[in-house]
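Colleague: Residue-level listing of the chains:
Number of protein chains: 6
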Amino acid sequence: MMAAGRAVASPGTELVPLTASRGFPYIATRAEAQVGGAVVLEMLAEAHHTVDAAIVAAFGDPGLLGARELFDIPVVGVSEAAMLTACMLGQRFAIVTFTRALCPWFRDCVDLHGLAGRCAGIVALEGPVPSIDAVQDQNEQRLVALAQETVRASGADVLIFAGAPLAGLAAKVVDRLPIPIVDPVAAAVKQAELLVALNPRKAVGGGFARPGPKSSIGLPAPLTDRMSHADAQS
Amino acid sequence: MMAAGRAVASPGTELVPLTASRGFPYIATRAEAQVGGAVVLEMLAEAHHTVDAAIVAAFGDPGLLGARELFDIPVVGVSEAAMLTACMLGQRFAIVTFTRALCPWFRDCVDLHGLAGRCAGIVALEGPVPSIDAVQDQNEQRLVALAQETVRASGADVLIFAGAPLAGLAAKVVDRLPIPIVDPVAAAVKQAELLVALNPRKAVGGGFARPGPKSSIGLPAPLTDRMSHADAQS
Amino acid sequence: MMAAGRAVASPGTELVPLTASRGFPYIATRAEAQVGGAVVLEMLAEAHHTVDAAIVAAFGDPGLLGARELFDIPVVGVSEAAMLTACMLGQRFAIVTFTRALCPWFRDCVDLHGLAGRCAGIVALEGPVPSIDAVQDQNEQRLVALAQETVRASGADVLIFAGAPLAGLAAKVVDRLPIPIVDPVAAAVKQAELLVALNPRKAVGGGFARPGPKSSIGLPAPLTDRMSHADAQS
Amino acid sequence: MMAAGRAVASPGTELVPLTASRGFPYIATRAEAQVGGAVVLEMLAEAHHTVDAAIVAAFGDPGLLGARELFDIPVVGVSEAAMLTACMLGQRFAIVTFTRALCPWFRDCVDLHGLAGRCAGIVALEGPVPSIDAVQDQNEQRLVALAQETVRASGADVLIFAGAPLAGLAAKVVDRLPIPIVDPVAAAVKQAELLVALNPRKAVGGGFARPGPKSSIGLPAPLTDRMSHADAQS
Amino acid sequence: MMAAGRAVASPGTELVPLTASRGFPYIATRAEAQVGGAVVLEMLAEAHHTVDAAIVAAFGDPGLLGARELFDIPVVGVSEAAMLTACMLGQRFAIVTFTRALCPWFRDCVDLHGLAGRCAGIVALEGPVPSIDAVQDQNEQRLVALAQETVRASGADVLIFAGAPLAGLAAKVVDRLPIPIVDPVAAAVKQAELLVALNPRKAVGGGFARPGPKSSIGLPAPLTDRMSHADAQS
Amino acid sequence: MMAAGRAVASPGTELVPLTASRGFPYIATRAEAQVGGAVVLEMLAEAHHTVDAAIVAAFGDPGLLGARELFDIPVVGVSEAAMLTACMLGQRFAIVTFTRALCPWFRDCVDLHGLAGRCAGIVALEGPVPSIDAVQDQNEQRLVALAQETVRASGADVLIFAGAPLAGLAAKVVDRLPIPIVDPVAAAVKQAELLVALNPRKAVGGGFARPGPKSSIGLPAPLTDRMSHADAQS
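Protein chains in written order, with numbering that gives the first Met the number 0: chain F, 0 to 233; chain B, 0 to 233; chain E, 0 to 233; chain S, 0 to 233; chain P, 0 to 233; chain A, 0 to 233.
Honestly, the hints are just simulated from the structure, not real lab data. Note that CB positions come from ideal geometry on N, CA and C, so glycine has one too. Be a bit skeptical, because a hint or two may be false.
[Claimed, not checked] Below, computed lysine to any residue pairings styled on SDA-like, alpha-carbon distance capped at 25 Å:
#1 E/K201 <-> B/P177
#2 A/K201 <-> P/R106
#3 S/K171 <-> S/T12
#4 A/K201 <-> F/G167
#5 S/K201 <-> P/G120
#6 S/K201 <-> E/R99
#7 S/K201 <-> P/V173
#8 S/K201 <-> P/A144
#9 B/K171 <-> B/E139
#10 B/K213 <-> F/A133
#11 B/K201 <-> B/P221
#12 F/K171 <-> A/V203
#13 P/K201 <-> S/V173
[Stated by the list, open to error] One-sided and incomplete, this derived list gives chain B residues near chain F with beta-carbon spacing under 8 Å:
#14 R21
#15 F23
#16 P24
#17 T28
#18 L40
#19 P210
#20 I216
#21 G217
Please work from the sequences and hints to get the whole structure.
Modeller: Right, here's the structure in full:
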């Protein structure tokens, strides 16, 4: 994912990878997203003062709306960025992924963003996934075939290869597919840069104002402080 | 909330209150729901073998879909139960709550359940909330007036008083309002009993099958075991 | 249908079957539902004082909304109950029935309840229906195969076997299908019990208040009286 | 209503008023529409061979879809005709009527026709209705004021005065309102003529084929015969 | 197209074909519709005083909404007329055309009219189109087969053969298809006659009032004058 | 508008203003957008080889989809860019403009982009517009008051000041409003840069492939050549 991001980052942009100290190696279901999204808040509570913007780098955008409330910096999700970017390249996008286990969670994500009317379909390879690390290399031809069939059958104008194991695939196979492909990580890096450049104010009204001070028990100190407004900054 | 639940529970039903050992005293925003929903999974990982069904007792249903995937028992959310029950009493329900801070999160919840077309509105008292404990007593008249105005202006057929501090209010004010009122806790207790009686099978396919075994780091032992399938039961 | 209902009814619940003295042996189209729904009102005008709640026991819910306006007791439709119950077991349900002739009417019903967004599809056996009485026995294997294919292709999380001739099928075939199945009659019995337990007030405002007194010509006496408010009770 | 229809009927068109021999003087609620719609089928079973097309002349279109299935002639509803005609005069129409009691049923009707996205609102006079016969004369100024306010506030492009007592009002007040007004009866007469002229085939497939032969008990002879296919014609 | 229109025009109706002096021989894409729609405005600026109503006779309705704003006469689009007419013959229509290149533009058109909920599908022949003039003759059997399959698979109640080269096809093949077929040109002629007969007022408010005077550069004189209100009439 | 764009353009980005040689000084209605959108295609046919991306700089995005089909470079609309950018700052945006005459066209635009579910409202100053040039200066306080009221009443999370005369207003008044404001021109410049950086392939399939060669009459030479594929490049 870092490679896909660096390939498009602007000269002045430094990408700082954060890996959660707790949680799952990757996120594939609603249950994992619920936990993973909470970990996103914990991580950002610690790191938000050190960066200009944050990217939630799991397709499905776990914790995105909560992070957008809680922190003053722009926060972008990779699926959100991919879908919104795709909207500028055609009327309908299709999401292609590597296992059907991801589809229900991805559908929830499309609905969360109110983009069901622009989604031509969510499709996945059939069958078991041998190893996450080898997904892209071992299945490149099957993924391209699935994408080609999806273009034909769904009427999609744009493709999104979704799921961390597919990061970077778009660039490799672009010549074998007849429509534009959006790489979620690349889109997110550029949309985050865009928001930093536009420098929008942090909401103090509406539905994304920072929540009022709230006591809590048993959360990591940075998140505790962010929730209680004990943190000095912002 | 326990009182509201016990008032309608069937003779053979025992309500077992679980209070999170970590998290927030109550949940009012998306950020809090993200964390609170993860805590729901932790708590159910510990308790699910000891009960026949679970109720997520915060309006907004934090963690509901994840819990429904992860555990074999029926899991019901209070907002879900209230809205679905309201659907049997009229075509459109309105949600009345005590502070506008809750409205964005509640709207997300209505959308999550695909019931926006049946929601006549989400309304709230204006102004600050002095104390959660005293919300209901101090604002009863204002809440009734708001509900009456909502019936008149929104065309709602059914009302839902939403938010833990309003549990039990419906029964007190029913005679002052011209349409049925659903108490979320009462509805959830009865819907949970209903699901236990119908005894549906746990999905092993579709979008709510239990996720496959997943390693994790740093989660409480019961959730770790549930995620990794190290738990013996179910 | 009585067997399916009795199998889940609570100890104190007595199910009283009412068969229309006029109309059709079963309802399969909009025209039949229009007439059948009017007969529902006639029957309930006669019987509503003798029961605590009513179930409209034809999938498609003929006459449901009119009955909900007109009478003081809770009225539940079997399709409504099945769909709302299914919503607590997954995000999307599929409806499986035995003849394509029913599908248009069922689709109208899903739309009436505002649940199209949660419906993964309405599917039916192809070909003629030899005998309503023998539908279930003669087609069990075909129905299971259709349901299995529907789970695979539609992404449904829950199944509903719809149509009176399929009452009770869910219990027989549950082990051959990977997702929960809701039996409409069973769901309706339990939802009716639930509404009786919650004891909501009858609307005197909103869209389900009893209509004002209305004269009529040529209707059966009990319905005439209910419409004109000549009936003493309620 | 006949006057409003005759004012626009083509030279060769004869309007034949049918008044139900049973039912209500006018229809204002879902319960009345359920019964009235069944009576529509009874009446058309008797009369359909004597006319080229039929108009269901109660706003809300009781029995429309059932009649469209059951008979071979075109059947048009006044609300349907009004709304579809309005769609050719602007993007969004508003429905203005004389009592709030009608609004819920009218909203169901808009939804039934799938036109909620083109409906800018359904509004009604407040307060009681003294006499149906005098509604239009006594309230003309209030209705015009309500319509003017609706144009201003709702952004409607077209108005529909709905309800039998308002038939003919559009022509009287057109100069006092800034946007086109559709009279439902006038629209229905012309749309019925249009369908007769286009002479579409009766469906023998899809969702509006005539239902297969069905036995029944206790229905009027013409409807019994139409349902059982005992009628010789068509 | 003139033949299809004349076949249904009323005795007093004269159809005046206007062919654009600039633009494309037929319109198949959004880019062509953008230009063609502007040419529609130019043509109507010249001709609107000489006719009682106008028909935009390209499926997709290029320029329709602009023309409806700008001119005082009724303006009808062939796709709009076909779809609205189809709505009176069934709940869902399918659009059948001769090349997939048209489908995206047609889908935009369905959405523009807010009728996606009543559209069962837009289907097209596969493969290249040899000659527009010969489309109908050379492909009649393939189009009928496609339409038959669409009726079976999509659940459509009504068919629309769309695209100028298919004008008149409906009448030829009606006996080979089980559901009603709407010919867009025929529907538009009749709907235009209907609007002339109803004689709605031109909006001076709402979203279809004539735009205020606007200066312009380089447009044909009649359109320049219509935009600047320099035209004497209306 | 150039000032608003230059304020955010990246160092390497040169903004090249193109002013149409024909058409209107600004675009406010559907009729003007129809013509203006055709002019957009004419202008781009001449200029597309000389730039890396194009911005359609009239709120409402006239000609956008046609341009996206016809040319190989990315094309972005200012309203599209504003709305998609706003989607990353909150769940619902409101559009604020200076005259109600623009609202119908803007609503069409929101619908075209499938974003109605994320639009909290489109609001405008009441009353006449004295001079386009002076709109912003003379009405700043009224626009801020309208925006403040909109935040309060609509529940919007983000604001968009729409219409060329309001370009640059967002930056001036940001401190007087409690939620982020997106300037359409600024958003479009950054989204255009983003698309150039991501360098998506031009579609040769789906709904945005370049249309096949098409003859035309009377169009400007560059557009004629682009439509007929007589242009050498791309």
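Colleague: Evaluate each hint against the coordinates.
Modeller: Hint check:
With a CA separation close to 8 Å, the supplied pair E/K201 and B/P177 stays within the 25 Å bound. A hinted pair counts as satisfied when its Cα atoms are at most 25 Å apart, and A/K201 with P/R106 qualifies at roughly 21 Å. For the hint linking S/K171 to S/T12, the alpha-carbon distance of about 24 Å falls within 25 Å, and the restraint holds. Proposed proximity of A/K201 and F/G167 is supported: the alpha carbons are some 19 Å apart, at most 25 Å.
Restraint check for S/K201 and P/G120: satisfied, since their Cα atoms lie roughly 21 Å apart, inside the 25 Å limit. Taking the CA atoms of S/K201 and E/R99, the gap is about 19 Å. The hint holds against a cut of 25 Å. At roughly 10 Å between alpha-carbon atoms, S/K201 and P/V173 fall within 25 Å of each other, so this suggested pair holds. Proximity of S/K201 to P/A144 is assessed by CA-CA distance (about 20 Å); at most 25 Å being required, the pair is judged to hold.
The suggested pairing of B/K171 with B/E139 holds, with an alpha-carbon distance near 9 Å, which does not exceed 25 Å. For the given pair, B/K213 sits about 17 Å from F/A133 by alpha-carbon distance, which is consistent with the 25 Å threshold. A threshold of 25 Å between alpha carbons decides the hint, and for B/K201 with B/P221 the separation of about 20 Å falls inside it, so the pair holds. At most 25 Å may separate the alpha-carbon atoms for a hinted pair to count; F/K171 and A/V203 meet this at roughly 18 Å.
Between P/K201 and S/V173 the CA atoms are separated by roughly 10 Å; this keeps the pair inside 25 Å, and the hint holds. A cut of 8 Å between beta carbons decides the hint on B/R21: the least distance to chain F is about 3 Å, and the hint holds. Nearest Cβ of chain F to the Cβ of B/F23: about 5 Å, under the 8 Å cut. The hint holds. Evaluation of the B/P24 hint against chain F yields a held restraint, the C-beta minimum of about 7 Å falling below 8 Å.
Interface restraint check: B/T28 against chain F, minimum CB-CB distance 4 Å, threshold 8 Å, status holds. Checking B/L40 against chain F: minimum C-beta separation of about 6 Å stays under 8 Å; hint holds. A hinted interface residue such as B/P210 counts as satisfied when its beta carbon comes closer than 8 Å to some beta carbon of chain F; here the least separation is about 4 Å, so the hint holds. Among the interface hints, the one on B/I216 holds; its C-beta lies about 5 Å from the nearest C-beta in chain F, closer than the 8 Å criterion.
The interface hint given for B/G217 is met, as the beta carbon of that residue sits about 3 Å from the closest beta carbon of chain F, less than 8 Å.
In summary, the structure agrees with every hint in the numbered list given earlier.
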